[in-house]
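Protein chains: 2
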Amino acid sequence: MTGEASSDEPSRGVLSVDAMGGDLGPEVVIAGLARAVKRTPAMRFLVHGDTAVLEPLVAKRRGLSDHVTLRHADRVVAMSDKPSQVMRTGQGTSMWSAIEAVRDGEAETVVSCGNTGALMLVSTLRLRKLPGVNRPAIAILWPSRNPAGFNVMLDVGADIKADADDLMQYALMGMSYARNGLGLERPRVGLLNVGTEENKGRAELREAHDMIEGVAEENGFDFAGFVEGGDIPGDVVDVIVTDGFTGNVALKTGEGTARFVRDMLGEAFGATLLSKAAALLAMASLKRLSKRIDPRRVNGGVFLGLNGTVVKSHGSADETGVAAAIDLAWNLSRSGFSKRLQARVAAVTAKTAPADP
Amino acid sequence: MTGEASSDEPSRGVLSVDAMGGDLGPEVVIAGLARAVKRTPAMRFLVHGDTAVLEPLVAKRRGLSDHVTLRHADRVVAMSDKPSQVMRTGQGTSMWSAIEAVRDGEAETVVSCGNTGALMLVSTLRLRKLPGVNRPAIAILWPSRNPAGFNVMLDVGADIKADADDLMQYALMGMSYARNGLGLERPRVGLLNVGTEENKGRAELREAHDMIEGVAEENGFDFAGFVEGGDIPGDVVDVIVTDGFTGNVALKTGEGTARFVRDMLGEAFGATLLSKAAALLAMASLKRLSKRIDPRRVNGGVFLGLNGTVVKSHGSADETGVAAAIDLAWNLSRSGFSKRLQARVAAVTAKTAPADP
Numbered sequence: 003m004t005g006e007a008s009s010d011e012p013s014r015g016v017l018s019v020d021a022m023g024g025d026l027g028p029e030v031v032i033a034g035l036a037r038a039v040k041r042t043p044a045m046r047f048l049v050h051g052d053t054a055v056l057e058p059l060v061a062k063r064r065g066l067s068d069h070v071t072l073r074h075a076d077r078v079v080a081m082s083d084k085p086s087q088v089m090r091t092g093q094g095t096s097m098w099s100a101i102e103a104v105r106d107g108e109a110e111t112v113v114s115c116g117n118t119g120a121l122m123l124v125s126t127l128r129l130r131k132l133p134g135v136n137r138p139a140i141a142i143l144w145p146s147r148n149p150a151g152f153n154v155m156l157d158v159g160a161d162i163k164a165d166a167d168d169l170m171q172y173a174l175m176g177m178s179y180a181r182n183g184l185g186l187e188r189p190r191v192g193l194l195n196v197g198t199e200e201n202k203g204r205a206e207l208r209e210a211h212d213m214i215e216g217v218a219e220e221n222g223f224d225f226a227g228f229v230e231g232g233d234i235p236g237d238v239v240d241v242i243v244t245d246g247f248t249g250n251v252a253l254k255t256g257e258g259t260a261r262f263v264r265d266m267l268g269e270a271f272g273a274t275l276l277s278k279a280a281a282l283l284a285m286a287s288l289k290r291l292s293k294r295i296d297p298r299r300v301n302g303g304v305f306l307g308l309n310g311t312v313v314k315s316h317g318s319a320d321e322t323g324v325a326a327a328i329d330l331a332w333n334l335s336r337s338g339f340s341k342r343l344q345a346r347v348a349a350v351t352a353k354t355a356p357a358d359p
Numbered sequence: 003m004t005g006e007a008s009s010d011e012p013s014r015g016v017l018s019v020d021a022m023g024g025d026l027g028p029e030v031v032i033a034g035l036a037r038a039v040k041r042t043p044a045m046r047f048l049v050h051g052d053t054a055v056l057e058p059l060v061a062k063r064r065g066l067s068d069h070v071t072l073r074h075a076d077r078v079v080a081m082s083d084k085p086s087q088v089m090r091t092g093q094g095t096s097m098w099s100a101i102e103a104v105r106d107g108e109a110e111t112v113v114s115c116g117n118t119g120a121l122m123l124v125s126t127l128r129l130r131k132l133p134g135v136n137r138p139a140i141a142i143l144w145p146s147r148n149p150a151g152f153n154v155m156l157d158v159g160a161d162i163k164a165d166a167d168d169l170m171q172y173a174l175m176g177m178s179y180a181r182n183g184l185g186l187e188r189p190r191v192g193l194l195n196v197g198t199e200e201n202k203g204r205a206e207l208r209e210a211h212d213m214i215e216g217v218a219e220e221n222g223f224d225f226a227g228f229v230e231g232g233d234i235p236g237d238v239v240d241v242i243v244t245d246g247f248t249g250n251v252a253l254k255t256g257e258g259t260a261r262f263v264r265d266m267l268g269e270a271f272g273a274t275l276l277s278k279a280a281a282l283l284a285m286a287s288l289k290r291l292s293k294r295i296d297p298r299r300v301n302g303g304v305f306l307g308l309n310g311t312v313v314k315s316h317g318s319a320d321e322t323g324v325a326a327a328i329d330l331a332w333n334l335s336r337s338g339f340s341k342r343l344q345a346r347v348a349a350v351t352a353k354t355a356p357a358d359p
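Chains A and B, in that order, are what the protein sequence lines are.
Offset between the first sequence (1-based) and my numbering: plus 2.
Offset between the second sequence (1-based) and my numbering: plus 2.
If you are wondering where the hints come from, they were derived from the structure by calculation, not from laboratory data.
Incorrect hints may have been included.
Remember, identical chains collapse to one label, so a pair may be satisfied in a single copy or spanning two.
[Unchecked claim] Think about it this way: if two alpha-carbon atoms lie no more than 35 Å apart in a straight line, the pair counts; the simulated DSBU-like pairs of lysine-lysine are:
hint, residue 1, residue 2
1, K131, K341
2, K202, K84
3, K353, K40
Take these sequences, add in the hints, and give me the full structure.
Right, here's the structure in full:
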């Protein structure tokens, strides 16, 4: 119940936004804020970056300035900057400043379109891991056959390794995310493997299988056991748990395959006069499809396992993409997700490893 | 050059075919043989199974009996049989008999639609691993943007682990397969990782990176270094090397994503009257597309690293699928692939580990 009694803490009504560092510059970030705030007028933003650039951009959008507090940061983390370098010398960048605001309790959630590696490293350094969490994870929403339209998959690349303990924590974090981000009361969780039989796969997977099974009931989720790659866009589970190496390969394979099919589809429709005519007729349907299978529609990987929530928007996100990431961050922030996740992990950690907080 | 001087060894003109054990029964296997032999009249088959069933099926196809020698086997490996059980008690099954013919030198290549796990285990037991090969691998052809239309990926699930040595052997086996199966003179090989920088990923991957780099030139292939999941259907490399756990997850994720997109496409075209009309107009183009992205068009995983080549056709392969697997097996058999691969591995093994044959 931790966190539910205090659902109107002021920090939950504010998002900390890194306005610089995306591929398309601060214009699209500010445009994304303006679009999101039209849908949800309660939103407030603490926006970090070069105020000389940001002020006129905010002023151009009618009414937006009432929702925005600017905080000046001289420097920007570039996409090409090495994360380890940013970790040492990143103070004074808009990314650092945006994370610092969460550390200081001004907001609970950060949104950035910047350099993923740097964002992950600086977030971990400044926000610190939740007590009991060994490896934080990046969770994404994957287009699926489920009624919600998406499944949660984690880790997709925060770390290349995960032992059984880590996988159990991913299960807890993923199901908490599915509950607060997708609104699922009782998420179904699966552990990614090369077969569904219980004796399959690596030793740490069999161990994780039993550990997750052991905490499912008291944490109010269903454990479906092992699932396979084909279940990632499927409707057998809502949450897919895996290590960051496998998750990253799966994510990029899925994106690559969807892109390949879309391109082939484009070629197929361009091939003959008849098919060009058909494409015109089917335009609306094809656009709906393209939207449905576009992984960027849900724009935002979420870093889980830190003291605060970090939403990573695609570097090349346009106005629509930024607005989607803002919506996601807002929903998580308003539900008190950070505190709920913290309580969830703490409760299980206390039980499974009482000697090691 | 081993194998090239003897390219008309009699065993290369015969395929050993397990006619039983597929989901659709021996009818489709015999139909597939008839279809393949129409395209390539030089084909000869040693067909294993219940002769009382097979004889009339062969007799029904005009002229097929000239190409077929039947060999009776009483029993059939079922899809639900446990591989370890089949390994112990599988003698007398059509699968066992088909593999035994390669062991005895009557053919160099087996084709089966049966139980994958059992086929892998019995093949390894009876044909034995090539000298110097620690872990055999399953290679598949993946629809891609390359001119050949496909990339080779291995291992997709023969083993869940692979160390640096294994990955180097997969690179050799995969490039040999690309050369003989896809006709590529100088295949480009990539090692699957979560980033393309040389310092990324697990230690065994960095080690494998350097080992593969070291053998590329003398073996006549290009090593492109690390590649990512998005490159699997791409045109940056022809061969993607990975461990069997990651490869299996990637394969099933790719298949699942393609299936998901196809189903959504079907829904999109069924959604409105206008889009239904469009679908009719675009029928031919859509069929071409569906064929292009259907992983089953190239029907056949190939087990590499044994004394003999084993082509695993999909359990649910229809007549077209079986014929595709037969064509693949025939091309590999005629090119003397088994012997070439053996020579390739032996040469590298002798250099990199002279004390351990």
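To see whether the hints hold, each was checked on the structure:
Taking CA atoms no more than 35 Å apart as the test, K131 paired with K341 passes inside one copy only; the shortest distance there is 13 Å, against 55 Å between copies. Within a single copy, K202 and K84 get their C-alpha atoms only as close as 39 Å, which misses the 35 Å cut-off; across copies the closest is 13 Å, which meets it. In this homomeric assembly, K353 and K40 never come within 35 Å of each other (Cα to Cα): the closest approach is 45 Å inside a single copy and 68 Å across copies.
Of the numbered hints given earlier, the model fails hint 3 alone.
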